[in-house]
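S.K.: Listed here are the chains, written in short residue letters.
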Amino acid sequence: MRRVALILAPWLGIVAVWYAVHYTAIVNPALVPTPHAVAAQLLTLAGQRLPLDIWMSTQRVFLGVFFGIVLAVPVGFVLGWYRNLRGFIDPLINFFRALPPIALIPLVIVYFGIDELSKVVILFYASFFAGVIVMYEGIAQISPIYLRVARTLGASDAEIFVKVIVPLTVPHTLTALRVALGVAWATLVASELIAAQQGLGSLIQNAASFFQLDIIYVGIICIGFIALAMDIALRKLTRRLIAWQERIA
Amino acid sequence: MIPVPDRTARPTRISFDHVSVEFATANGPLKVVDDVSYDVRDGEFVSIIGPSGCGKTTMMNIVAGFVQPSGGTVLLDGKPIAGPGPDRGVIFQEYGVFPWLTVKENIAFGLKLRANHVAATEREEICARYMRLMGLADFADAWPRTLSGGMRQRLAIARAYAVRPAFLLMDEPFGALDAQTRSAMQDLLLEVLQTEGKTVMLITHSVEEAVYLTSRIIVMTARPTRIREIIDVPFGYPRDERLHESPEFGALRSHIRELVMREYAVQARQFIPSST
Ligand SMILES: Nc1ncnc2c1ncn2[C@@H]1O[C@H](COP(=O)(O)OP(=O)(O)O)[C@@H](O)[C@H]1O
Ligand SMILES: [Mg+2]
Numbered sequence: 001m002r003r004v005a006l007i008l009a010p011w012l013g014i015v016a017v018w019y020a021v022h023y024t025a026i027v028n029p030a031l032v033p034t035p036h037a038v039a040a041q042l043l044t045l046a047g048q049r050l051p052l053d054i055w056m057s058t059q060r061v062f063l064g065v066f067f068g069i070v071l072a073v074p075v076g077f078v079l080g081w082y083r084n085l086r087g088f089i090d091p092l093i094n095f096f097r098a099l100p101p102i103a104l105i106p107l108v109i110v111y112f113g114i115d116e117l118s119k120v121v122i123l124f125y126a127s128f129f130a131g132v133i134v135m136y137e138g139i140a141q142i143s144p145i146y147l148r149v150a151r152t153l154g155a156s157d158a159e160i161f162v163k164v165i166v167p168l169t170v171p172h173t174l175t176a177l178r179v180a181l182g183v184a185w186a187t188l189v190a191s192e193l194i195a196a197q198q199g200l201g202s203l204i205q206n207a208a209s210f211f212q213l214d215i216i217y218v219g220i221i222c223i224g225f226i227a228l229a230m231d232i233a234l235r236k237l238t239r240r241l242i243a244w245q246e247r248i249a
Numbered sequence: 001m002i003p004v005p006d007r008t009a010r011p012t013r014i015s016f017d018h019v020s021v022e023f024a025t026a027n028g029p030l031k032v033v034d035d036v037s038y039d040v041r042d043g044e045f046v047s048i049i050g051p052s053g054c055g056k057t058t059m060m061n062i063v064a065g066f067v068q069p070s071g072g073t074v075l076l077d078g079k080p081i082a083g084p085g086p087d088r089g090v091i092f093q094e095y096g097v098f099p100w101l102t103v104k105e106n107i108a109f110g111l112k113l114r115a116n117h118v119a120a121t122e123r124e125e126i127c128a129r130y131m132r133l134m135g136l137a138d139f140a141d142a143w144p145r146t147l148s149g150g151m152r153q154r155l156a157i158a159r160a161y162a163v164r165p166a167f168l169l170m171d172e173p174f175g176a177l178d179a180q181t182r183s184a185m186q187d188l189l190l191e192v193l194q195t196e197g198k199t200v201m202l203i204t205h206s207v208e209e210a211v212y213l214t215s216r217i218i219v220m221t222a223r224p225t226r227i228r229e230i231i232d233v234p235f236g237y238p239r240d241e242r243l244h245e246s247p248e249f250g251a252l253r254s255h256i257r258e259l260v261m262r263e264y265a266v267q268a269r270q271f272i273p274s275s276t
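Quick note, the sequences are listed as chains A and B, same order.
Each residue of the first sequence is one higher than the one before, starting from 1 at the first, in the numbering used here.
Each residue of the second sequence is one higher than the one before, starting from 1 at the first, in the numbering used here.
Isolated chain B (complex conformation):
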């Protein structure tokens, strides 16, 4: 096994401090996040796992700058989050590839914005690089509607990467892909992260994916979501497919799966309509 570096030696980049979120809905306030505290260190690859609808996307949206916590604080490099920005690349659950732009134009979109001021020649280089890296070089001028799901996913990642964000926030990025494509995409992600260190938050509901990819797993409860357990994954990088077969991997997977299943059970009980 590759040794795991000590995480506490690194500076804190994202910190959640007693964070709660409440949404106003037609049926009154809905508490989604309840007193959540954790931090993400520089260069860490953290996954957040929990039953669907528990509040994972909401937590990511706070970091992305789309949602304000109703209580507690979230700091990014020690400062409050004012809104979305190119320092945090977001891969949305529904990709959000721009259908009116070609593959290359999609990647160039962020580079042409005033906030990122990238010179034209450099822009060409960056586009070419990420198209090559993501296997899109032959599709530079293709319309997104002609791409497969996996290719759209790679395009969304390439577009987010192109503006060189320090953080990468991924919301169930591989959920919609078939098993083979997903596995290929996971390895590609590991490979790309290996060459460009980033601080990454990955939301997933796949235990397998969380253990295989990330260095720290935050298991969330059913809504209103709290932290169930934080697990440090005892495997270093680089990782490869063989990791799936190791006994340690299997043990960790069973442990987390059990935690998550228990939360799904809690959630199922919540959904039984209360008799009035």
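Same shape as in the complex, but just chain A:
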């Protein structure tokens, strides 16, 4: 009971400040829809396009993150493991990571068209570079002592990989996944700048053209809450999978 109250308190605080901003007219009230107006809009949209928007966006994020992580795990692993490689590859990765996805959109359209693929490519790009860095920083920190111990106990290379390296890689993979999911949701609106008919990003952009502020708020709130829900779910999973760790990263 106390816990629920504590968790709810900051959210209620935000709503209170929101009302205050509207009614004290610090900002022109016409530019700040009230929370209840936004809630009403959310309910209306929930009976219309919102479910499909959420479905499409979630699907794009999932696909982008999935392929991003599937590639980031082995690449990050190799970079973290073979430290000599890092010196060459590191600048490359930081070069590409620094490029904002929005800046890549024209090129992505040229090479991948304007369909689903191009949106997933943008999310893949963002997930991969976020994930690969977490992955290789983590792998590079693995202490060689465990490999030595395993060898003295008689482990073969294959046994060392399966019984030592894989378990030590799991926590970093999960952290990479969490970071990539966060980055992918943050990149969603940009990816849906590419001629999207459905999706939370397209919902926001359409609303922007018609100056429907309440719908923009609905879109933003949905993105925030879905990303939050996924993060909580992933954190639960992490806690189950790596109960042996002191802290959950």
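I should point out that these hints are in silico values taken from the structure, not numbers from a laboratory.
Be aware that a few hints might be false.
[Stated by the list, open to error] Here are the simulated lysine to aspartate or glutamate pairs, EDC-like style, with alpha carbons at most 16 Å apart: (1) A:163 <-> B:105; (2) B:79 <-> B:39; (3) B:112 <-> A:157; (4) B:112 <-> B:124; (5) B:198 <-> B:94; (6) B:112 <-> B:122; (7) B:112 <-> A:159; (8) B:198 <-> B:42.
[What the hints assert, rightly or not] To be clear about the criterion: a stretch of chain A counts as covered by chain B if any three or more of its residues have a C-beta under 8 Å from a C-beta of chain B, and this derived list gives those stretches: (9) 146-159; (10) 235-244.
[As the list claims (entries may be wrong)] Beta-carbon label-pair distances, calculated as ranges: (11) B:166 <-> A:158: 23 to 29 Å; (12) B:94 <-> A:62: 37 to 43 Å; (13) A:237 <-> B:240: 50 to 56 Å; (14) A:170 <-> B:68: 32 to 38 Å.
Every value quoted in this text rests on a predicted model; they were computed, and no experiment measured them.
All C-beta atoms, glycine included, are put in the ideal place defined by N, C-alpha and C.
Put chain B with the ligands on the given structure of chain A with help from the hints.
M.R.: Same frame as chain A, but now just chain B with the ligands:
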């Protein structure tokens, strides 16, 4: 005093023959071990003592199979060492307990490897036995992060013992423990060795520990390390705490302490930056 058996009656298990080790470093080659020769006989408990950084761990790593000598030969039962293997149990300075496995799984780790092919029922027995012996029976399913330093140490020993190595190589195993725990661990080690004969190399920088535990003490010089003196400890086994109080023990301790202190002094002089 318990009589000491004649060591030369036993076969040689480990032999160092004019061994030297040089590491390539950023500042050129670093000579760490310089022309070291000694042998370890079957069932002997040998300690290697010397100032920190002199090359003790390097010598142990040669026997463990992680380092190749740059000169001379090291033979294990008359054969060159090809690499690490389960015949040589190693207790590392930093324990290396696997944090992702429970206490029992840590002990079972080696037993599940193909190289040691131990049947499941036997594995259970061995795990249970060493958990009991090392006082870990109540912690079978605990994660290592919940264990104290002394318990982690016992776990590392239990894990090494479980695969029945003929040799035990211990690198300052009790260095990180508080005095009471260390003393308890030393007695436990003596007790366990009493029931299972092994050939043991113990690296330590504690003179007290070397005299109390081992049958032969190899005193090393500062880096590049050479043998300063090899001392046969004139006490048989089993030993107990009372040994610490005996006059012979005290005399031997002072003698070795003096040797070691002299090497520390040499080392301290080495570290004064040479003016250019
Ligand atoms: N792989 C290595 N490469 C370069 N130098 C090393 C290596 N291993 C050890 N050394 C150096 O050799 C010296 C002896 O190390 P070590 O055998 O660990 O000493 P001890 O165990 O006696 O404290 C140290 O100066 C250490 O820095
Ligand atoms: Mg050392």
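S.K.: Does the beta carbon distance between residue 166 of chain B and residue 158 of chain A stay inside 23 to 29 Å, or does it fall outside?
M.R.: Holds, since residue 166 of chain B and residue 158 of chain A (Cβ atoms, about 25 Å apart) stay within the stated range.
S.K.: Does the Cβ pair residue 94 of chain B, residue 62 of chain A satisfy 37 to 43 Å?
M.R.: The hint (37 to 43 Å, Cβ to Cβ) holds, given that residue 94 of chain B and residue 62 of chain A are roughly 41 Å apart.
S.K.: Holds or violated: are the alpha carbons of residue 198 of chain B and residue 42 of chain B at most 16 Å from each other?
M.R.: Cα-Cα ~8 Å, so holds.
S.K.: Regarding the pair residue 163 of chain A and residue 105 of chain B, is the alpha-carbon distance no greater than 16 Å?
M.R.: Holds - the C-alpha atoms of residue 105 of chain B and residue 163 of chain A are around 11 Å apart, at most 16 Å.
S.K.: Within 16 Å, alpha carbon to alpha carbon, are residue 198 of chain B and residue 94 of chain B?
M.R.: Measuring from Cα to Cα gives roughly 22 Å; hence the hint is violated.
S.K.: Under the criterion that the straight-line Cα-Cα distance not exceed 16 Å, is the pair residue 112 of chain B, residue 157 of chain A satisfied?
M.R.: Holds, at roughly 15 Å.
S.K.: Quick one, are residue 112 of chain B and residue 122 of chain B close enough, alpha carbons at most 16 Å?
M.R.: The given pair, whose Cα atoms are some 11 Å apart, holds under the 16 Å limit.
S.K.: Do the beta carbons of residue 170 of chain A and residue 68 of chain B sit within 32 to 38 Å of each other?
M.R.: The hinted range 32 to 38 Å holds for residue 170 of chain A and residue 68 of chain B, with Cβ atoms some 34 Å apart.
S.K.: Taking a Cβ-to-Cβ distance below 8 Å as contact, does the stretch 235-244 of chain A have at least three residues touching chain B?
M.R.: holds (count 3)
S.K.: Range first: 50 to 56 Å. Now tell me if the beta carbons of residue 237 of chain A and residue 240 of chain B are that far apart.
M.R.: At roughly 53 Å between Cβ atoms, residue 240 of chain B and residue 237 of chain A fall inside 50 to 56 Å, so the hint holds.
S.K.: Under the criterion that the straight-line Cα-Cα distance not exceed 16 Å, is the pair residue 79 of chain B, residue 39 of chain B satisfied?
M.R.: Status holds; Cα separation ~14 Å.
S.K.: Is the straight-line distance between the alpha-carbon of residue 112 of chain B and that of residue 124 of chain B 16 Å or less?
M.R.: It holds: about 11 Å lies between the C-alpha atoms, which stays within 16 Å.
Violated hint: 5 only; the structure is consistent with all others.
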